[in-house]
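**Q** Let the hints inform the model, and build the full structure from the sequences given.
Taken in order, these protein sequences are the chains called A and B. According to UniProt numbering, the stretch in the first sequence is residues 1 to 211, in order. According to UniProt numbering, the stretch in the second sequence is residues 1 to 211, in order.
Hint data in this document are derived by calculation from the structure and do not stem from the laboratory. Check before you lean on any hint, since a few could be wrong.
Said to hold, decoys possible - Going by beta-carbon spacing under 8 Å, a handful of chain A positions derived as facing chain B:
hint, residue
1, Leu12
2, Arg32
3, Ala33
Unchecked claim - Covered by chain A, according to a simulated footprint, are these stretches of chain B (three or more residues, beta-carbon under 8 Å):
hint, segment
4, 19-26
5, 56-70
6, 86-95
Stated by the list, open to error - Here are some of the chain A residues that sit facing chain B, going by a computed Cβ distance under 10 Å:
hint, residue
7, Lys17
8, Leu18
9, Thr28
10, Asn30
11, Phe46
12, Arg47
13, Val48
14, Asp117
Predicted model only: the values in this text are computed from it and were never measured. Cβ coordinates follow ideal geometry from the N, Cα and C atoms, glycine included.
There are 2 protein chains.
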Amino acid sequence: MDLLGVLAYAELTAFLKLAEDAGLLAPTLNDRAELSDVAATEYGHFRVLRDKLSSLGVDPEEAMAPFVDAIDAWHAQTRPRDWHEALVKAYVGTGIAGDFYREAARHAEESIRLLVDEVLADESRSEFVVERVRAAIEADPRLSGRLALWARRMVGEALSQGQRLAAIRPELAAMLAGEGGEDLAEIGRLFARLTEQHGKRMAALGLTPGG
Amino acid sequence: MDLLGVLAYAELTAFLKLAEDAGLLAPTLNDRAELSDVAATEYGHFRVLRDKLSSLGVDPEEAMAPFVDAIDAWHAQTRPRDWHEALVKAYVGTGIAGDFYREAARHAEESIRLLVDEVLADESRSEFVVERVRAAIEADPRLSGRLALWARRMVGEALSQGQRLAAIRPELAAMLAGEGGEDLAEIGRLFARLTEQHGKRMAALGLTPGG
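**A** This is the structure in structure tokens:
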């Protein structure tokens, strides 16, 4: 239930923040429309999760409430200052969050796991982000260092908020680490997988993970 | 083309503004989710219109550009100050805009008319708005006068921006008035229809059109 709640609030908030970035930062109407498309897709994910919670007899509000502070804090710490930061956030931020939820879902019951996979699978819409960021870096190579630092900051803030969540919801943390939650090797493998995925996204954008 | 352009920009902007209102003004997470649902539906409408423009070989950006100032000005003049104003705007504002577009589409070619009707038909999601506003007025009858004035202001601003658009895009104005654009009786009937629809929406919310 915690997994569905945190994912639902994350998707609802991603929707609202992406819409805000689209309205405030997009340089052209077509860019605004493209980022709005990513936002609307996140809302579609939220709808699936909310309906699942309701069908289980859970009030979505109650399921989401414990996670409001951590997710709001992450967004407050990662407010993009320009269009390129907004694009990288849409791609890298959404990617990191997706990896966490997918890891947690590995240890959930099958119907939940399939639902989470379904919600997270539909990431094709962010392809336009990759194209725009690569083109921007080609046009101005100095952008690369700044955007790599920006991406690293988002990861750092995600880990920090993740630890905060783990402290208040130990059950959720246990899901991430699996049954052998005490097994340091398992936690090591988890971080290796998260780092690998992040590295792939950075490479896709034409950025090096180290900055 | 003008009709599709103004409608596309109106839907894209409605999406972004409703998302903003949902994030800033909703008193509960479930309320935020409900207004986000209305917003996401507007985005779906935008997607249909943008795809239609693209399939006609028209750049959506170019089609929308002439209408940015008037629609942005309308939103700047009708920024809701609280949750109830946001709800009334979602219902009344969207409704007025829909009436205008439907009137203009009456005189468009059939494929466009059907498309506009399809985009505007899906208004069932705003039913939750009606319920919330009626419940709020029942709980605090003084709200009624303030919200009726607010709705009247939105109509006034819509007419004012509509006139501005008519001045810069006379073809669009001609579509509203039909072939007999010089016919005052026809314009009178148009306004009668718009007023009647607005009155129906006010009654649905439990408000009297006069304030």
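**Q** Hint by hint, note whether the structure agrees.
**A** Here is what the structure says about each hint:
1. This hint holds: Leu12(A) has a C-beta 6 Å from the nearest C-beta of chain B, less than the 8 Å allowed.
2. The restraint placing Arg32(A) at the interface with chain B holds, with a minimum CB-CB distance near 7 Å, inside the 8 Å limit.
3. For Ala33(A), the shortest C-beta to C-beta distance to chain B is roughly 6 Å, which falls under 8 Å, so the interface hint holds.
4. Look at the segment 19-26 of chain B against chain A: 4 of its residues bring a Cβ nearer than 8 Å to a Cβ of that chain, three or more, so the hint holds.
5. Remark: the segment 56-70 of chain B is confirmed as covered by chain A, as 6 of its residues place a Cβ nearer than 8 Å to a Cβ of that chain, reaching the required three.
6. Using a Cβ-Cβ cut-off of 8 Å, 0 residues of the segment 86-95 of chain B lie near chain A, which falls short of the minimum of three, so the contact claim is violated.
7. At about 8 Å, the closest approach between the beta carbon of Lys17(A) and any beta carbon in chain B falls short of 10 Å, and the interface hint on this residue holds.
8. Interface hint at Leu18(A): satisfied, since its Cβ lies 9 Å from the closest Cβ of chain B, which is below the 10 Å cut-off.
9. With a cut of 10 Å, the hint placing Thr28(A) at the interface with chain B holds, because the nearest CB-to-CB distance is about 6 Å.
10. Interface hint status for Asn30(A): upheld, as the beta-carbon distance to the closest one in chain B is roughly 5 Å, under 10 Å.
11. Satisfaction of the interface hint for Phe46(A) is found here, the shortest Cβ-Cβ separation to chain B being roughly 7 Å, below the 10 Å cut-off.
12. Because the smallest distance between the Cβ of Arg47(A) and any Cβ of chain B comes to about 7 Å, under 10 Å, the interface hint for this residue holds.
13. Hint status for Val48(A): violated, given a least beta-carbon distance of 12 Å to chain B, over 10 Å.
14. Contact between Asp117(A) and chain B, as hinted, is not supported at the beta carbon level, the nearest pair being about 22 Å apart and thus beyond 10 Å.
Hint check: violations occur at hints 6, 13, 14; the rest are consistent with the structure.
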